[in-house]
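Trainee: In order, the protein sequences belong to chains A and B.
Read in the working numbering, the first sequence has 1016 at position 123, and its numbers run on one by one without any break.
Read in the working numbering, the second sequence has 373 at position 107, and its numbers run on one by one without any break.
Don't read these hints as lab results, they were simulated from the structure.
Glycine included, every Cβ here is placed at the ideal spot set by N, Cα and C.
Here are some, though not all, of the chain A residues that point toward chain B, as calculated from beta-carbon distances under 10 Å:
#, residue
1, Ile946
2, Thr955
3, Lys964
4, Gln966
5, Gly993
6, Asn996
7, Val998
8, Thr1018
9, Arg1024
10, Tyr1041
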Amino acid sequence: MIPLKHMKHWKWSFAPIMAICLFTSVPLLGSLQEGVSLALEAAFPYVKDGFKIREDNWHGETTSNKPLLVKHQLFRGNEYWFWAATSFPDSDVTVSIFDGKGNSVSLESFSKDGKSGVRVLPNKTGTYFIRVIVTSTEHKELDWGLVYGYR
Amino acid sequence: MNFLTHPVIILTLLTVSFSTGKSHAQTPERIDLTAFPGEIVKDVVIPIPAEIFAVLDKVGEPDWENAIIHVKTDMGVKDRGFLAMSFGSLVAEGFIAVQAESSDDIQKIGRRSLEFAEALGLENAVKQHSLTVIDSAKDNQWNRVRAELDKTQQTVRNTMDQQRDQEISGLVSLGGWLRGTNVLTGLIADDYTVDKAELLNQPDLVLHFRELIAGITGPIRTTREMVEIETGLGRIDAMMRENERFSVDVVKKLHRITTGMLEQFYFDAGAEKE
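Full structure from sequences and hints, please.
Mentor: Structure, rendered in structure tokens:
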């Protein structure tokens, strides 16, 4: 067991390394968070319909047209919306959802202005797969963010 | 005949409105999950207890008030990893108190979460969330409390991630999931239906937590408490994979296992209400 009084000090020994990591990753982080912010922007209108938006999210970098697959636990009895976005203008995002056997279970979807959404009512509690594809004719490297809400 | 009431016109309008609507009318797409032609995202988002509790509320009237347990865990010389797990469990306790709409309990939990945050060296990151939880509970703003509890846990996890401490961040989630599953199994066992028991079908989450513990480095990994937790997760994993439908006996077993695991870091022995 580590005594509490020592806990606050251990991290300072890593401070120089952390500072370098933080410095080098600042531009990337800014861009990655923008994808999430825009996905949250797409989610916002649904709050008035009773959807509770989760704080946790998925984000990262990708290349144009490369499909991304996110695994996530859903519960029968809830209704879900997933919203994806990229901060790159003139880019398209599509988001789709599949059950554990790879069958599409998307009920409703939209894709507009670099934002996309898909609705699902799971008919079984279990693992589902959310596919995000970002495409652009101008940019090869793109950011993406994915958030979800339930009611 | 009015133009707009003509059957052909109505049919045409319906067809047009259906084909321009948002809904998919095409053949459902299928993907091959065994040979996905892209990138599998490794990050895992753990559902918060409130997500599962919302379903339970739709299918019954669980006794949330009686499910709240106030722990008096001694934080004196506890490992940082167990503190993180206790913090996650305490946030889950907050979600239970929100379901019970118990303002007093939420305020107590809000104050307690601040103590845990201080012990973790995160008081600055968590203070505002805890105060908002307490104030919102005083005003009975349950949705606000729920959102703030989610933010509290996320802030702690983000702060840990920024400090390159993903291990601690994962343990916060494990603590929350464990307490959520514990209360869920207790309530389902009390008023069992097959539909409710299906909520426990979460084998991939259990696998994620087993991998998290397997990857822990440092002295906490070999402590008696962590070995108990690892064994418990192994048993839960086996039960979830063996049973397509969870009988009431399986649900009761899951409840006993999770209680035993929580007694390693969160519950005082015998704290659970009978």
